[in-house]
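Undergrad: Fit chains L, S, U, A, V, E and G to the given chain Z structure using the hints.
There are 8 protein chains.
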Amino acid sequence: MLLEHGTKLVMIGDSITDCGRKHPVGEGLFDALGHGYVSLVNALLASGYPDYRIRVVNMGIGGNTVRDLQERWQSDVLELEPDWVSVMIGINDVWRQFDQPLMRESHVMIKEYEVTLRELVERTLPHVKGLILLSPFYIESNRQDAMRSMMDEYGDVVRRIAEDNNCLFVDTQAAFDSALKHVYSASIALDRVHPSQTGHMIIARALLRALEFDYVRVI
Amino acid sequence: MLLEHGTKLVMIGDSITDCGRKHPVGEGLFDALGHGYVSLVNALLASGYPDYRIRVVNMGIGGNTVRDLQERWQSDVLELEPDWVSVMIGINDVWRQFDQPLMRESHVMIKEYEVTLRELVERTLPHVKGLILLSPFYIESNRQDAMRSMMDEYGDVVRRIAEDNNCLFVDTQAAFDSALKHVYSASIALDRVHPSQTGHMIIARALLRALEFDYVRVI
Amino acid sequence: MLLEHGTKLVMIGDSITDCGRKHPVGEGLFDALGHGYVSLVNALLASGYPDYRIRVVNMGIGGNTVRDLQERWQSDVLELEPDWVSVMIGINDVWRQFDQPLMRESHVMIKEYEVTLRELVERTLPHVKGLILLSPFYIESNRQDAMRSMMDEYGDVVRRIAEDNNCLFVDTQAAFDSALKHVYSASIALDRVHPSQTGHMIIARALLRALEFDYVRVI
Amino acid sequence: MLLEHGTKLVMIGDSITDCGRKHPVGEGLFDALGHGYVSLVNALLASGYPDYRIRVVNMGIGGNTVRDLQERWQSDVLELEPDWVSVMIGINDVWRQFDQPLMRESHVMIKEYEVTLRELVERTLPHVKGLILLSPFYIESNRQDAMRSMMDEYGDVVRRIAEDNNCLFVDTQAAFDSALKHVYSASIALDRVHPSQTGHMIIARALLRALEFDYVRVI
Amino acid sequence: MLLEHGTKLVMIGDSITDCGRKHPVGEGLFDALGHGYVSLVNALLASGYPDYRIRVVNMGIGGNTVRDLQERWQSDVLELEPDWVSVMIGINDVWRQFDQPLMRESHVMIKEYEVTLRELVERTLPHVKGLILLSPFYIESNRQDAMRSMMDEYGDVVRRIAEDNNCLFVDTQAAFDSALKHVYSASIALDRVHPSQTGHMIIARALLRALEFDYVRVI
Amino acid sequence: MLLEHGTKLVMIGDSITDCGRKHPVGEGLFDALGHGYVSLVNALLASGYPDYRIRVVNMGIGGNTVRDLQERWQSDVLELEPDWVSVMIGINDVWRQFDQPLMRESHVMIKEYEVTLRELVERTLPHVKGLILLSPFYIESNRQDAMRSMMDEYGDVVRRIAEDNNCLFVDTQAAFDSALKHVYSASIALDRVHPSQTGHMIIARALLRALEFDYVRVI
Amino acid sequence: MLLEHGTKLVMIGDSITDCGRKHPVGEGLFDALGHGYVSLVNALLASGYPDYRIRVVNMGIGGNTVRDLQERWQSDVLELEPDWVSVMIGINDVWRQFDQPLMRESHVMIKEYEVTLRELVERTLPHVKGLILLSPFYIESNRQDAMRSMMDEYGDVVRRIAEDNNCLFVDTQAAFDSALKHVYSASIALDRVHPSQTGHMIIARALLRALEFDYVRVI
Amino acid sequence: MLLEHGTKLVMIGDSITDCGRKHPVGEGLFDALGHGYVSLVNALLASGYPDYRIRVVNMGIGGNTVRDLQERWQSDVLELEPDWVSVMIGINDVWRQFDQPLMRESHVMIKEYEVTLRELVERTLPHVKGLILLSPFYIESNRQDAMRSMMDEYGDVVRRIAEDNNCLFVDTQAAFDSALKHVYSASIALDRVHPSQTGHMIIARALLRALEFDYVRVI
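Chains as they are written, first to last, in UniProt numbering: chain Z, 1 to 219; chain L, 1 to 219; chain S, 1 to 219; chain U, 1 to 219; chain A, 1 to 219; chain V, 1 to 219; chain E, 1 to 219; chain G, 1 to 219.
Isolated chain Z (complex conformation) (with noise of 0.2 angstroms):
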């Protein structure tokens, strides 16, 4: 497995990632990590990999954008001192556009979306050893569906800037669509955004997937 004994994972993101966490810091006893795909990598690396030591903390927020994230990076990931960090970041910079149109400050443009996410990339490499950036997603089968559509393109940012910069890449969007092949969108997310238990499985079995574990030892 790619991640060392006593490894330091902060998970950042939205609200897929905040699932309910410890505000302001989500770690600490029973619940701090929310009921979401942190808590499963959480419960699977803790059960799997018991003597690796691996220290998972949540800090997503509901809402954010990336936008947002570069306001509290600084003091939510760097002040934090993580050996790892996971970012899934997008899903509202893209909503925004779909879901309140005319609310055109609240949209973060593809642009403004992969200068900053680089921008924190690039700022955080330095003092880690290893980022891994999750595609955002949209469980929606259609790949013409115009909100589907943008989320790829935001996706296929995500990935082009893991490539430049030799990150992990966890492509939910496809671990998504895999999915759909077997039951209607409805079935995971009534709003094709905010997964079921199943769906939040879905994310941390990618994740897992990209950190190289051993099959045997997780399950």
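To be clear, the hints were calculated from the coordinates, so they are not data collected in a lab.
Quick reminder that beta carbons are idealized off the backbone N, C-alpha and C, glycines included.
Hints may be right or wrong, so weigh each one.
Partner residues are not named here, just some residues of chain G that face chain V (Cβ under 8 angstroms, in silico) [said to hold, decoys possible]: (1) Glu-27; (2) Leu-29; (3) Arg-53.
To give an idea of the interface, some chain U residues facing chain V are shown, with a C-beta separation under 10 angstroms as derived from the structure [as the list claims (entries may be wrong)]: (4) Gln-100; (5) Pro-101; (6) Met-103; (7) His-107; (8) Glu-212; (9) Val-216.
TA: Only chains L, S, U, A, V, E and G this time, still in chain Z's reference frame:
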């Protein structure tokens, strides 16, 4: 994997099973399965084996002993017409002898426990394709501890009943014992009974292993 | 306008109709009609046709399918002795097939849907002056979407029943399709089902048009 | 219609305008506009003129008099950079003289009312494309009633200010007077001030008429 | 004073009487009498005539019409074996005709009102020492107002029944009319029906005057 | 009556005065005056002397001693520019010596009590038309009771200060003593301090008598 | 000590006994015994005599008089098959005569009190090893106080019944009288009835002394 | 007894001490001392030694370690000017090492624990008449248990500091060990840390014994 396509799996037990499920029947839209090992088993199956379309129903009720299960077995198991059934019971049967020692009428002694559980198993087997018996557990590493020691005896009863009836047996106690080599019990369950998300994942993984899942599919 | 002076109009359906109405009967002082299209229809009629003294009663119940309507039709429609009745049902009949695909007993297939709705219509017609059938809808612009496509079939059933019985037919799906030419579905309904106030106004306007209202009076 | 494509319309006033809007700014996802006439105007425009993409912002605050508007005009109107502004104020200016007659410091007499409102209008006109002044109202049919009579005088002030500045004037009092020919005031507003959904629709319709909407489009 | 030492006085009516009393019987420790005119009458009698030991029981229920009183008269008046009874009913009988004009089954027309109230009075008189009839009221100074005018007719019915049966009659409408010479109705009751503490004191004083209290004792 | 037309009367004290009033200033629409003797005084004056237009403001705060009054006298009395002021203070000054005898810093001894109250009176007199001093009280008939006996001494201080400064003095203790000839203390106040509505009426009546009201007007 | 090893002690009474216990039976996990003298007796016995394994059950109900005990004696005492029973009743029997003097049907006069309590004692004695009668009390030092004086008479009844039947008698009034030599009643109970934790300890200690506990063991 | 007449005793610690006390200062009317051992000590002293007038103040705060005590020692102990101080700290210092092993910054290692506690003791001794150090405890009978074993080491530190400074030492661990000879830990504390009322009584008794109380007085 042992479960076939289209299987309906009813999971019954006490508060570890219940874990906030929907009442009277733990099935339906989001959160209906609670947030414990039942939900994790469902999420792991639904994400790893989406094509199997396995239907999980949570029928746990907090505080139940095997005596309570017997009273509601007809309505809460048999009438749901499951293909498979899982049962994890016995923690309260033992715990009451230790946390309220003077209320003897609340204690389910090992003899009654065995007779009752055996009767439930035998009554059910003709109607189902498979039955999974999970041992009760106590997340305490000292096997000489009085309550741990009694829990082990109840667990042995479950193992014997499983063997006598060719049921699957899941040794949850052994699974927790492995974890306790690495961490102290309080980090999994403050009261040594109600587990954290990591503890529930330990149960879920043990159960899936008993079902002979395919590693690559589940993670 | 088709409604006569003094008409009593009972409007029945699911959560789109209910929308927070008073129970058991959705009539009386403020907020008794809920805050969805029923309330808007009432407000538009009461402000535009105050002299008509049209009495609107909301009998929607969240989660209902046509099977539920059948069970309560006698008490919730016929015994209220309406002059006109409106029915919008079918969304849950379809949705359950997509959001909880494994719980087959909760699905109302198209055959049962048609037979049941037709029976309700035929049973009611001898007792009323008019009957309005609103199609169910799915606020999704992609007609190849599996759930949209099935919803269109259920909508066709409604249209046929309306035609066969000389009922008014309100094509709510067509009304939403017009809106979707200008905005993305998420700005009307996050889950493509429960509309914003704008979405409810779209339903209300379609219904009033079917009633051949006088433009100048209503606005 | 007088509003152009892409117009941003800020609507300010007292509790009739506020009606449960989101604070500090009444815009965003569902329910942010409250559930009064502002929300109805938005729903009628968004459903009738979806191609116009008109952006409505609700800045009402319950209990406000024109004195309160003056204090927050810079931050709550001008800094939002609206294209159009609507103002409905004066009910509390008058009401306080009747419901708490001894607290004279809470009364805004007609002179102060006129001077303040006129100043707000003149300060705003250079920055906007249009300004809509709605009269305050009292849902009481007896024009000799002391409070109705004073409200009419305040309404006349609004009309004069509108005429002097070429603003649109919406005579909400006249709209309610029409309704009162058919129903008693208590069926629209128990306290003759806070209207039912029907009463809010009366305001919304009067406002849209002043904006010279196209009948066929709006309904 | 007309009430004798040791009198038990049961006071029945609608929400003006109820005013938050204890249910099912409005008697007992603190707050059991509610906080309206019943509590004030009790406080004035208990502080002014402590030696009389008069026992007051509040049996008002919000929303009641005379039709509702009739249904519960046996259990809520006669079975309590009062020495004296006071009744104030009729506001809702009239109000429903104005605030929900289309729900005709909720209207108690003047004929039914008179017949029912007269029957209650006649049935009660043989069992009590005295009966006090309070007129219903509407805190509106304009006697041509439609609802005021109808309320006056219902009040005349009460007066006639009182005269025909030698009951005490309390003209609450006249008492409020005196107050309205000095203040506007909104300062006593925002909806012209539910009075402030001052309004309840006006009722209490009118009732005590009818009972021929001794000025010096009561204040 | 001693109060003139247009008088503004500020009433200050502890929890007996406060009684659920609106904060920070106990004036305005319904319930702003609380539900104790202040509200009763206001209701009796407003219903009996409506033409006097007397404005009552409640500035009581629960738990206050004279030490607390001194701290807030400037803002809570003088800056409100009253014509008349009433003060009832001292119960907590005494009570704390009996219910928390060991917390000596919470006791206000009689010397400090007298000096502080005298200072407040002298500071206020030049600015008002009249000042009413109500004695503190203890609803206990046994004058040898330790707390009653001390309360009487504090009451004597109030009487002396009133006499020395020509203030009105209201002997609330004497008023309660009269009542206690007829009933036991527990029927007026369970803790002998916080009165029932009847107890508050006893205070209100004593206060009005001191103001030389006209019997016929007040009832 | 008088209680033998393995004793089951049922303690019944009014709100002083109840004190927030679990209903319907005051036994089980944490807080089931409430937080009054019953819980203290249990804690002193369980910590001082752990080897005796004494089982305490709290069956108090707030507001009860001896009349209420009689109604539930069969189900709430006898059917629990206690070895010992304690009874503290009578406070409400007396208090109601003082706090609601006019509601005579709520008063339990001394004759009925004695007959009823004596009947309960005689009915119970054949079935138990021991019976403890605690006097009712009133935390008022003045023995001439009307309610204290009557409470003493009721206490004498309890003493006589205890003597006549060889029951243990606990003079709680005497215990409180000792305390009142040092502190004022308000520091133990604001209403002279419901004690602070210190007051409950006074009852618990008196009860343990009657049971002839061993000083060194209990503390 | 070691405490003199008039002693002020400040008791500080973590959640075992706090137990629902009033904040910011745990003193005053009912419930201000919480419902744990502090309240029991106070109740036993106040009922057994009422003439000593000992004043107890609870300054515990849940979750505190000795590091937290140090930060608030000046304001929460010294500035209260106690005569005696009791300290029970260390449970969280140890527990965090076991329940959140990866958050090392939350662990207070034994060296820091000793240095900090010693500093607090030495800083305090010149200002007080006596200082009571209670050992931290873990209600687990197996002394080889990892957390119990570490707790014992922390307890030894407390004992040494007490001996070096002539403070009273209360061995709460020994007191619980005696109880565990008779019952299993779960009947005293589900998480082996937060005791039942019986467990708090065990602490209270141990503390009183250290203070050399007089048996006959305390019970």
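Undergrad: Kindly indicate which numbered hints from before are broken by the structure, ordering the numbers from low to high.
TA: 7, 8, 9
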